[in-house]
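Residue-level listing of the chains:
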Amino acid sequence: MSEAAITVSGLRKSYGEHEAVRGIEFEVAAGEVFGFLGPNGAGKTTTIEILEGYRERSGGEVSVLGVDPGAPTRAWRNRVGLVLQECELDPLWTVAEAVSLFARFYEKPRPVAETIDLVGLGDKRDARVATLSGGQKRRADVAIGIIGDPDLIFLDEPTTGFDPSARRDAWNMIEGLKALGKTVFLTTHYMDEAQHLADRVAILRDGRIVAQGRTEELGDDLGRRTVIGFSLNGSLSAEDVRGAVPTSQVAVAGNRVEIETETPQPDLYRLLELAEQRGVELDELEVRRPSLEDIFLELTRAEAQES
Amino acid sequence: MNDRGVVLAQARMAILVALRTPRVLIFTAAFPLILLVLFNSIFSKGGNETTTLPGDLKLSAEAYFTAGIIAYSVALSTFATLAVSLTTQRENGQLKRYRGTPMPPWTFIAAQITRASAQALLMTALLLGVGAIAYGVPVPASTFPAFIAYVLLGTAAMCSLGIALSAFTPNPDAASTIAPFSVVMLSFVSGVWIPVDQLPSWLETVGKVFPLYHLALGLQTTLAPGASGTGLELGNVVVLLIWCAVGIRIASKRFKWEPQAAKA
Numbered sequence: 001m002s003e004a005a006i007t008v009s010g011l012r013k014s015y016g017e018h019e020a021v022r023g024i025e026f027e028v029a030a031g032e033v034f035g036f037l038g039p040n041g042a043g044k045t046t047t048i049e050i051l052e053g054y055r056e057r058s059g060g061e062v063s064v065l066g067v068d069p070g071a072p073t074r075a076w077r078n079r080v081g082l083v084l085q086e087c088e089l090d091p092l093w094t095v096a097e098a099v100s101l102f103a104r105f106y107e108k109p110r111p112v113a114e115t116i117d118l119v120g121l122g123d124k125r126d127a128r129v130a131t132l133s134g135g136q137k138r139r140a141d142v143a144i145g146i147i148g149d150p151d152l153i154f155l156d157e158p159t160t161g162f163d164p165s166a167r168r169d170a171w172n173m174i175e176g177l178k179a180l181g182k183t184v185f186l187t188t189h190y191m192d193e194a195q196h197l198a199d200r201v202a203i204l205r206d207g208r209i210v211a212q213g214r215t216e217e218l219g220d221d222l223g224r225r226t227v228i229g230f231s232l233n234g235s236l237s238a239e240d241v242r243g244a245v246p247t248s249q250v251a252v253a254g255n256r257v258e259i260e261t262e263t264p265q266p267d268l269y270r271l272l273e274l275a276e277q278r279g280v281e282l283d284e285l286e287v288r289r290p291s292l293e294d295i296f297l298e299l300t301r302a303e304a305q306e307s
Numbered sequence: 001m002n003d004r005g006v007v008l009a010q011a012r013m014a015i016l017v018a019l020r021t022p023r024v025l026i027f028t029a030a031f032p033l034i035l036l037v038l039f040n041s042i043f044s045k046g047g048n049e050t051t052t053l054p055g056d057l058k059l060s061a062e063a064y065f066t067a068g069i070i071a072y073s074v075a076l077s078t079f080a081t082l083a084v085s086l087t088t089q090r091e092n093g094q095l096k097r098y099r100g101t102p103m104p105p106w107t108f109i110a111a112q113i114t115r116a117s118a119q120a121l122l123m124t125a126l127l128l129g130v131g132a133i134a135y136g137v138p139v140p141a142s143t144f145p146a147f148i149a150y151v152l153l154g155t156a157a158m159c160s161l162g163i164a165l166s167a168f169t170p171n172p173d174a175a176s177t178i179a180p181f182s183v184v185m186l187s188f189v190s191g192v193w194i195p196v197d198q199l200p201s202w203l204e205t206v207g208k209v210f211p212l213y214h215l216a217l218g219l220q221t222t223l224a225p226g227a228s229g230t231g232l233e234l235g236n237v238v239v240l241l242i243w244c245a246v247g248i249r250i251a252s253k254r255f256k257w258e259p260q261a262a263k264a
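These protein sequence lines map, in sequence, to chains A and B.
Just so you know, the first sequence maps onto residues 1 to 307 in my numbering.
Just so you know, the second sequence maps onto residues 1 to 264 in my numbering.
Just so you know, not all the hints are guaranteed correct.
Partial list, computed: chain A residues near chain B (C-beta under 10 Å) [said to hold, decoys possible]:
id : residue
1  : Ala75
2  : Leu82
3  : Glu88
4  : Arg256
Hints were generated in silico from the structure; no laboratory data involved.
Even for Gly, the Cβ is constructed at its ideal location relative to N, Cα and C.
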């Protein structure tokens, strides 16, 4: 792991009696996309606002680009880009006017026209903000978030309200930021988005981190298994399958077989060998790893915690 | 980085927004002009010096109302405009976004004051010009520097009070009711719509507490041909300065950058 962009340890935040964040710990490496996930009321916004320098913490240590965000400096603000939730631009500005204004605030801003093109608003540069669609406004927010050419970018639910194609475009853009070597701290409600974009994720529940790790390994770490599924046909019976993979769990529903396994590769090899010997095709064969969504729902389901 | 450039860029954007908002132009630019024409048409006594200021200074109804409406317009352009626009920008999250950038907060406030002051000075020039040309309002050279001084002092006091008020108005609707309405109400006891010598003395006493009274009276004095000396009176200057200081004090303690609307 290279130098850390963000390190957090023992972070706590109380609002009066209510403890919104109860001692969390994580690290974000420079150059990675870090997904910060959790249901509403889990403490996501509180945490991100502490990291962004908006909120004071009640306890713990936090370092963002080597600086304590509890005492934000102008030099530090120059290196951090924010895309906030619920934050409008003046509807009477044009896109180019808004982006140019924010460019003036930074020491070494990116070129305005190029940045507007990057977020896909090139043909809207002279349109007033009021005339933009929700997705286009969000792209303008992103343009303003990156106009200062920051090293670290906070994206707080950047694609909420996007249609699928706009979401794809946003993903490409975020991948582009990563390619430029930027560190991205991403919160999102969409698990497919986190799965697609994040190198690592942390899942927050009731002010605590209940899981964190590399996105593709998170399921393994939590003991979630790979599933091999197919449909029985020809002379192949459920018993044959059980005999072939004795160490794995085989569930049969109708003629659909699902094998939960910790050893997918040898299991798959034996199954294919068996099918070959019998001269049958394994219909509708699939190998499925647990999706981030499955894991998220399981970890955050327990009690309803909308606050 | 050039902070003065940052102030000017923000002021320019604020002015652009004002120019693109017909409501602003109608209420803060057209209305005072219409009022000036109305009052001078209704109450004109053919330029005779029939209105009496405290201290037995006499001036024409035209000069009296022109000066009063300039005071009213300054208050509207600065106090009301700032309270409404700052509350709006705070509640829709613009101020929070600004605070997340390296832009120094003072440059934002300076830009807003620049925009409001520009409007106040422009309206003053316009109203005084119309008053002088169309209604023969005299502009005595000896007291003109004092006239300018009052406009600047009034602008400063009203700016600081407008910024202070924005800390207490929870949403743009509240701000756009409270701020202009309080200017209109105060105008009744400040010698803008009605000469103070026609007010019951307790009402005049109420008016004297607030800065609009002293701004209006100061401007009226400087437009009275018989005004002695520079036309600058210590009482008016002191009250305006005190209100300016009160506004700065409250604003610096209470000004908020984050939306105040119901939070989760």
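Results of checking the hints against the structure:
With a cut of 10 Å, the hint placing Ala75 of chain A at the interface with chain B holds, because the nearest CB-to-CB distance is about 8 Å. For Leu82 of chain A, the suggested interface contact is upheld, since its CB lies about 4 Å from the closest CB of chain B, less than 10 Å. Hint status for Glu88 of chain A: holds, given a least beta-carbon distance of 4 Å to chain B, under 10 Å. Interface restraint check: Arg256 of chain A against chain B, minimum CB-CB distance 43 Å, threshold 10 Å, status violated.
Of the numbered hints given earlier, the model fails hint 4 alone.
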